[in-house]
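Chains A and B are the protein sequences, given in the same order. Under this note's numbering, the very last position in the first sequence is 652; numbers go up by exactly one each time. Under this note's numbering, the very last position in the second sequence is 609; numbers go up by exactly one each time.
Treat the hints with care, as some may be off.
Now the in silico label distances, taken between C-beta atoms and shown as ranges [stated by the list, open to error]:
hint, chain 1, residue 1, chain 2, residue 2, range
1, A, A597, B, S567, 28 to 38 Å
2, A, Q518, B, S512, 34 to 44 Å
3, A, A486, B, S558, 27 to 37 Å
4, A, Q335, B, S567, 18 to 28 Å
Coverage of chain A stretches by chain B, computed from C-beta distances (three or more under 8 Å per stretch; other residues unrestricted) [what the hints assert, rightly or not]:
hint, stretch
5, 315–323
6, 436–443
7, 631–645
Taking lysine-lysine pairs in the DSSO-like style, the calculated list, with each CA pair at most 27 Å apart, reads [said to hold, decoys possible]:
hint, chain 1, residue 1, chain 2, residue 2
8, A, K455, B, K578
9, A, K455, B, K580
10, A, K432, A, K542
To be clear, the hints were calculated from the coordinates, so they are not data collected in a lab. Since this is a predicted model, take the numbers as computed values, not measurements. C-beta: ideal position from N, C-alpha, C; glycine also.
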Amino acid sequence: MKPIKNIKNKTLLVLALALSSQAIAATQQSYQSSEPAAVSLPMQDDVEQQRVTYIWPTVDSTSSHISQSQQVQSDEYWQTVTGAELNKGFPLYVGSDALVRLAPMASYQSGARQISPAVNMDSISLSASAGSQPTVSLLADQEAMQTAGFDDGSVAVKVANHSDKPLTMRSESQLPGDAEYLLHVKEKGSTGLLQFAVPSQLDSQQQAITINANLGAKAIIPMTTQVSIITPTGEHIAAQLQHNKVTFDQQLSEYGARHGLYQVQIHTLGNVNGKLIKRSAKLPFALTAKTAAIEKVTVSDKLWVSLDVLEPGRYNLTATLQGIDKNGKAHSLQTADVAEYFEQSRAMALPFELQNFSQYDRFELVNVKLTDQSRLMTLQVLPQL
Amino acid sequence: MRKITFTILTLLLYLSSPVSANTGLALVHGTGNPSDAYNDYWTGDFVNSVRQGLPNPSLVLVINCNFDKYMWDNAAAGCLAGALSQFISQNQITNLKVVTHSNGGNVMRWILSNPTWDSRYPNIINKTSRVIALAPSSGGTPLADAVMNGNVFESTLGWLLGYKSDAVRQQQESWMVYYNSNYLSGTSGRPALPTIFEAVVGSDVDSAIWDGDSYCAGYQNQVALEVTQNWLDSCSDGFLNCSSQQAAGTTWFKDKQKTKGSEPLSHQQSRRDCFNLDKLVRDRI
């Protein structure tokens with residue numbers, strides 16, 4: 268084994284080459300353009316204080332550590348309907364075959380929990396405005412739903428709509444007007460799908476999130492679409508859809524994923540193959556802020572990565588070490604994680620034993636990811652350092 | 325000659341050391357906060373059958389942690405790490421097998437995916453040679469979404485999911501996509517897990533009243549899971565779609581491929597001694 272001293276100068280040289288000025292400049296630029304974030308720290312007891320390193324048994328060959336967006340396909344919708352709406356009759360959007368669940372909701376008024384009266388499915392009528400009437404069969408009555416764990420007074424039916432128009436759902440027995448019910452319609456196997464995508468992270472400086480939503484093959488219609496933001500604690504924040512951006516007035520304040528995720532919720536109505544289709548979907552995202560950033564890499568006896576730390580916390584760096592041979596060919600050698608608690612900016616050593624790879628002319632760090640473990644936020648993902 | 329013989333003996337002893345490795349087994353429950361998972365979650369019949377597959381059947385740990393919390397919480401993964409670390413050190417375990425059920429697979433996968441989160445994790449990872457994930461909720465469940473979507477009753481589907489807890493939020497399908505894409509390893513396109521993580525997949529629910537197999541793990545539970553299956557894919561165990569169970573790691577087998585009588589395993593049955601599941605796991609550890 269060669270002494271560390273022998274490889275030190277060589278490594279210094281090769282790292283200087285490997286750390287392209289472009290990568291460093293990009294890192295520093297993004298860091299400098301962000302304002303320091305006012306980000307609270309979770310309770311110290313919940314965050315590991317020790318330095319922990321880990322060399323993975325296999326080298327990570329995935330090209331990216333983080334997805335930039337989340338996407339979902341929805342074959343269902345849900346909405347709240349009132350007793351007044353049920354008494355009067357309201358449109359039930361069923362393309363062909365659907366499972367329909369109706370559940371009494373609870374609400375809190377003057378500190379007391381008010382539970383809406385259960386609905387007997389015998390008293391609910393479903394009708395078509397023209398043509399063949401729908402086929403309705405009981406899937407599960409209250410007792411069966413209770414056995415399955417839906418102990419909220421739910422009932423469920425299977426509905427087949429034979430017309431092109433929405434059905435009308437009506438209660439034949441008079442319900443309290445202010446009673447509230449959750450209506451959940453699921454159309455398994457439907458081709459009328461809502462395709463919905465949102466970014467997985469939102470920078471705290473932004474008050475708009477870009478969405479991509481299509482119903483069937485067409486973009487959704489803003490006029491018949493409602494959006495909202497749901498906080499990690501389940502509160503709804505009013506939002507507006509402007510073109511493909513969801514904007515909201517209220518400042519979001521829960522950083523990272525540690526205490527849950529924010530969600531964008533969408534309800535939309537549109538025409539798919541001549542039928543009105545209604546769909547709902549929700550997708551999560553994390554609010555992020557720049558709490559630390561990679562500044563530079565230096566070498567003494569080890570590889571050191573300097574972090575600019577804006578907020579105290581525990582930071583993890585994942586990186587794969589590549590050795591470049593004399594022919595310029597890159598060889599992935601090891602993937603490692605290292606995490607330490609930082610009160611302020613400083614460097615941390617990566618656990619690679621460079622003296623074990625002295626046959627290589629130079630080294631590179633690839634697939635680099637900086638994570639704020641205190642708040643569970645991904646801060647930087649760099650293909651190469 | 326004596327020197328050569330001594331060297332060979334030493335070499336044989338060295339080579340045989342993995343055989344004499346101290347093998348331990350941990351059983352990790354799913355969502356919930358049990359105080360007696362041995363009896364209430366797994367049952368003694370299942371545990372005592374599986375443990376017979378160990379060289380020393382006494383080296384078994386049944387976990388009781390709070391998996392109503394997010395997987396990374398100190399009460400969840402922290403509690404699991406504490407129990408496993410103590411088990412490993414007190415019994416000098418060198419080879420740890422872990423059997424998880426449902427959301428327990430996610431908590432174990434958190435530890436395997438985030439080795440520097442907690443100073444106890446690396447030793448646990450290094451000792452763990454195999455995780456058998458029974459019906460893991462790796463991709464979440466639409467039933468969690470059904471509970472969260474507008475329903476303010478906290479008890480809905482509580483017997484399956486817990487009570488509108490962090491664990492229910494976590495197991496919504498889109499949330500698991502987020503975690504799988506960002507913080508968990510072992511799914512498609514993501515870094516590999518550092519050890520074997522193999523799933524047993526439940527694909528259907530039988531609840532025919534005349535069929536004795538419907539009574540394993542409780543007939544009422546089978547009837548209940550038949551109802552919930554309506555909101556799931558045609559391939560599901562009444563709580564999870566097969567695609568969710570197969571989202572991470574590898575698939576060891578889909579129930580009917582190996583169970584006695586090619587019976588399906590419902591979500592309730594995949595943690596009980598139904599259709600030789602216990603013997604299959606016993607022979608695998």
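> Does the Cβ-Cβ separation between A/A486 and B/S558 fall within 27 to 37 Å?
Replying inline: holds (31 Å)
>> When I compare C-beta atoms, does the stretch 315–323 of chain A have three or more residues closer than 8 Å to chain B?
In response: holds (count 6)
> Straight-line Cα separation of A/K455 and B/K578 no greater than 27 Å?
Replying inline: holds (23 Å)
>> Quick check: do three or more residues in the stretch 631–645 of chain A have a beta carbon closer than 8 Å to a beta carbon of chain B?
In response: Coverage by chain B holds here, the residue count being 3 at a Cβ distance below 8 Å.
> Does A/K542 lie within 27 Å of A/K432 when you go C-alpha to C-alpha?
Replying inline: Cα-Cα ~7 Å, so holds.
>> Hinted pair, alpha-carbon criterion (27 Å max): A/K455, B/K580. Please report holds or violated.
In response: Holds: A/K455 and B/K580 sit about 25 Å apart, inside 27 Å.
> Taking the beta carbons of A/Q335 and B/S567, is their distance inside 18 to 28 Å?
Replying inline: holds (23 Å)
> When you take the CB atoms of A/A597 and B/S567, is the distance between them in 28 to 38 Å?
Replying inline: Cβ of A/A597 to Cβ of B/S567: about 36 Å, so the range 28 to 38 Å holds.
>> Is 34 to 44 Å respected by the C-beta to C-beta distance linking A/Q518 and B/S512?
In response: holds (36 Å)
>> Using a Cβ cutoff of 8 Å, are there at least 3 residues of the stretch 436–443 of chain A near chain B, or does the coverage claim fail?
In response: Violated - the stretch 436–443 of chain A has 0 residues with a Cβ nearer than 8 Å to chain B, which falls short of three.
Hint violations for this structure: number 6 only, all remaining hints satisfied.
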